[in-house]
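Enquirer: Given the coordinates of chain A, work out where chains B and C should sit on it, guided by the hints.
Here the protein sequences come in this chain order: A, B and C.
Quick note: the first sequence uses this note's numbering, first residue 1, plus one each step.
Quick note: the second sequence uses this note's numbering, first residue 1, plus one each step.
Quick note: the third sequence uses this note's numbering, first residue 1, plus one each step.
Calculated from the structure, these hints are not laboratory results.
Computed from a predicted model, the values in this text were never measured in an experiment.
Any given hint could be a false lead.
Below, computed lysine to aspartate or glutamate pairings styled on DMTMM-like, alpha-carbon distance capped at 25 Å [unchecked claim]:
#1 B/K517 - B/D129
#2 B/K482 - B/D210
#3 A/K202 - B/E131
#4 A/K202 - C/D186
#5 A/K202 - B/E118
#6 A/K202 - B/E505
#7 B/K482 - A/D160
#8 A/K202 - C/D240
#9 B/K171 - A/D233
#10 A/K202 - B/D129
Every beta carbon over 12 Å from chain C, so not counted as near; a handful from chain B, in silico [to be verified]:
#11 T62
#12 D97
#13 Q128
#14 A132
#15 R176
#16 P213
#17 E343
#18 P398
#19 R408
#20 L451
#21 D476
#22 S481
#23 E484
#24 R499
#25 F607
Even glycine gets a Cβ: it sits at the ideal position worked out from N, Cα and C.
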Amino acid sequence: MPIYLYIDHRSAIHRLHPTVKVFALFVMFWSVYWVDHPLALLPLGILMVALAQTTGAWPNFYRLRWLFILLIFFTTLAWMVFYRRGPALINLPIIHLSRASLVFGFGRGLKLAELLATSVLFLSTTKVEEFTAGLQRMGVPYRVGFAITLAFRLAPLFIDSALTVVQAQSLRGYDFNRGGPIARARRYVPVVIPVFMGALRKANNMAMALEARGFGISAAPTSYIDFPMRARDRMAFAIVAGIGVLYFGIYYFGYGAIAVN
Amino acid sequence: MKARGHFQREDAITERNETLVVTAEAGSQSAATSGADAPVAALEEVAFAYAGSDHRALDGVTLELRRGETIGLMGASGAGKSTLAKCLNRIVPAFEDGDFRGRVTIGGRAIDGSQVCELAPRVGMVFQDFEAQLFSTNVAHEVAFAMEQAGMARAEIAARIGPALEAVGLKGFDDRDPTSLSGGEKQRLAIASVLAMRPDLIVLDEPTTDLDPEGRAEVFALIRRLRAEGRTLLVIEHEAEELRGCDRIVILRDGAVIAEGEPASVMGRLELLETSGVHPPDLNRLLGMLEIREHAESIDHAEAIIRAHFPDLPRVERSESEAVEIIAEVRASVRPETAAAPEPIAQLERVSFAYPFGPRVLDTADLTIAPGEFVAVIGQNGSGKTTLAKHLVGLLQPETGRVLIAGRDRAGLAPAATAREVGYVFQNPDHQIFAGTVEEEIAFGPRNLGLGADEIAQRVEEVLAAVNLGAMRGRDPFLLSKGERQRLAVASVLALRPRLLILDEPTTGLDYREQRKMMALVRALNRDGIAIMIITHTPWLVAEFARRAVLMRRGRVVFDGAVRELFARDDLLAGSSFRAPEATALGRRFGFVALSPEELAERIRGFA
Amino acid sequence: MHELRLMWRNTRMVVLCAISAALYAAVLVPFKVVPLIPGVTELRPANAIPIVCSFLFGPAAAWGSAIGNMIGDFFGGVGPGDIFGFVANLMYGYIPYKAWRIIADGQSPVMRTPGTIAKYVMVCLAASVLCADLVGWGDNLLAFRPFSILGNIIIFNNMISALVLSPLILYGVYPRVRAGRMLYTDVMPELRERPRAIRLAGLAMLLGGELGAWAVGNLVSTGYWIPAFLPAGFAISPYDKAIAVTVSPLILVALAGAWLM
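One chain only, chain A, in its complex shape (with noise of 0.2 Å):
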């Protein structure tokens, strides 16, 4: 089962500078935190689409097309709950249907799809050194780094041995689907409890190997992967900055706000 969304195609975007993408996942942040209006948003929606194509990520959206759908659609209802503003258009118990509340619900929806999808890309097209190198360039420790890189590795490991685990339980009988969702939680005791001690008898092996290594000689080692800022990098670096710049400037005139009346 492909459990990272990287994928392994190698367009411009996947080569950027991962500091430039890193920069790029803030920006988006802060670009959709001005504006609320769906149609301000939508440009941002198309560039994601664009880039989607360019980087050949649909097969990660398409596998998360639900998450995307019920988090446009039950923002958008939740903030017909709490965004009670400008004439109801019905009548409803609780929730508050008017063109304001509407308008705004979806587009907060649509915001926090884009931001959803801006990471999509952005996994789509790191690789987890890529990830670490540029989490260590932006100031976080060596160790830390490390220590995600470690879990990154050891994750789909785990995963593997859940599953495996789940299968030699219920060939002992065991049946994962009985009860409720509670009684069932409760069910994956017997799967946990393994997974747990398995990745424990791994923890000395581990900690003992890292040290034959020479883990701990130096408390800033030398990194091996080198990422040179080339002037693509720069140039996209720009580029994302002015993206960002016309976004607060869309704010700071007055455009992108919802009218309520």
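Expert: What follows is chains B and C alone, placed relative to chain A:
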């Protein structure tokens, strides 16, 4: 292939039936010529007890490792092999607490003030658990890891990665995720990351115990290459056969060195090996039975020795016609053994299967298992053995074809539905053990079947007796040894009283003594009437225990018949990674198909 | 809180951190069973893991919880609340062992006396509420969703796991880890604590701050109560500015309390 000094090393990496062959003089001379240098590493009167234990894991060990020497270290589980290895880079006692005495020197200097990590550039260590020593999400980065820790410059690291990967045969794997590698490849990657540091000494602590035969062959071929390059190696291993090519063999028992010497002098001491929990090489056992006091380094060598003593033994060229004759003879002799049985327990009828987006793993496979049979399923990794077994228990559903259990179509039934017919013991016992005590663990299955308390109690008793864990009934399963946990896993499936028991590589990771125990249990169960289907890579186990063999290749059953016939069919064995046990291979040269050294000795004596 | 920094020097703790994180992610990914509000939250049996790990691995579990949640998000898509989610999960793994040391030092969390059970529930509640506060607050600050949605769902969610699942797992795992000398107190004997009086004061600040933040967050985000001193422009859905002014100080008190513990 490289000559060191004036003596040649026959480093026959390309040959099939090879083990590293070194003449006896070469071993002793290499020791003599380097004797003048300071030893690469030395232990002087080293004793150690782990914290919280009175038992001395090491008890006064003195040992020298000379430059360019390869030492093979053997002994049963718990004899102190790993502890000894860990003294060489201060894991004992700097990382593992305990009471340490004695002195360890590396390159002539005592290491007692050092930290483990500081010794990494000088002593490289490769561990048994290959998953626990890979830390990166990318192969090149894995090799770079230790060099980064040592603070090497980027250019230097980059320059060393390529050669290190090339040395272990992983050239071009730079960008792969280690998760996607096979066990043998993972272990070779671990070795590459050690090689890149250019240490004075490389310690390999049971590097192949958890590997399949292909992986083992890969790693031992690599070890031979490293030896030929003149590196100093300490190899821990419990299959003596693999260590025949070392310069020196050291045997540990209860934390002390009880034998040390060239392979020729140690390998022939059968009783000493056996009582130390080491599987003596079959060839040596055979010679022992024939009362020939010589050491055989290879099958060729053994053949020559035996022919010298038994000149009347026939010479068999491996011609097609004779093989056919042998097969005919074998077939005639084994017919009664595989005689048609009553209603089969399990049947696969033209079953095909592929994982989503994956290649076909089973291809119109047919298989019938009758009550009381003992079947070994063999074949390379990825040949479909486990997939086949998972169909029998319903963990996978066939795409085409059907699976019958006790005559009933399995389709649509939950895995648990046939738990009383077919039981499946997973390869790793730790994938199912979770209960607080051995008894509770065994009772888990019967309880799931909804049996009454009396019935459950009775089954627990019965099964505890069968697997010989009665004395451990109240113990925490997690604190049992690997062999005991494996038997507990068998017990907990047995408690469901299946008529067919499937065991997926039940001896992986066990030492020879534990493997024997495990197989004795399986044989006893079979004698009690339970049909056994064992998935295995271990040739001697197939030869000695199974009556029927099923050979799989690329999802197809390519052979299904008597074990004896399989071992007579060179054509089949040549195309699989499975090779006959050495005694069987040797016997073929005399025109016999012998399944054990005992049987072969018997036949040879007939020509006295 | 200094051990959150100190632990990185200890190789075993670094490994235990990665293992906690990978375990959390490994149970998070295949067992995302019942989506309660899709895209918002689901009944996550995985939430039992940080509590269990906290009692076993202390500070390593705190970081493991934060990193594991991050990896889990990587499978299901990263959202903007994830910066707050990181801190929230750090606290979710930090509070249990820390509070336990103050009110039940030396006692085993798997003892089944009424006293220990009550303490266990309290400790889990303290951790869950702060976790929920941080996520709900962050989400509302960015005006993505009202505080009262995530601020309550997360408490519910975490407490279910903590009460239904964690004790069973702890029961199976804790004695074995202790016997294997892998508890954080064994692995990290260098751990030092502040004087008990200060830690008690910290606990009081934590509880006061987090409960206050929870109450105020709920009241303000639903519009039931807006403090009179706020300018009129703040008393308007989505109440992001009102939340910033009223809830932030209480969150700070809670975090300061956690720091003193």
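Enquirer: Take the hints in turn and mark each one as holding or not.
Expert: For each hint, the structure was consulted:
no., hint, in the structure
1, B/K517 - B/D129, "23 Å, holds"
2, B/K482 - B/D210, "12 Å, holds"
3, A/K202 - B/E131, "8 Å, holds"
4, A/K202 - C/D186, "17 Å, holds"
5, A/K202 - B/E118, "23 Å, holds"
6, A/K202 - B/E505, "21 Å, holds"
7, B/K482 - A/D160, "21 Å, holds"
8, A/K202 - C/D240, "46 Å, violated"
9, B/K171 - A/D233, "31 Å, violated"
10, A/K202 - B/D129, "8 Å, holds"
11, T62, "30 Å, holds"
12, D97, "9 Å, violated"
13, Q128, "17 Å, holds"
14, A132, "9 Å, violated"
15, R176, "20 Å, holds"
16, P213, "31 Å, holds"
17, E343, "39 Å, holds"
18, P398, "24 Å, holds"
19, R408, "31 Å, holds"
20, L451, "23 Å, holds"
21, D476, "7 Å, violated"
22, S481, "15 Å, holds"
23, E484, "16 Å, holds"
24, R499, "32 Å, holds"
25, F607, "57 Å, holds"
Of the numbered hints given earlier, the model fails hints 8, 9, 12, 14, 21; all others are met.
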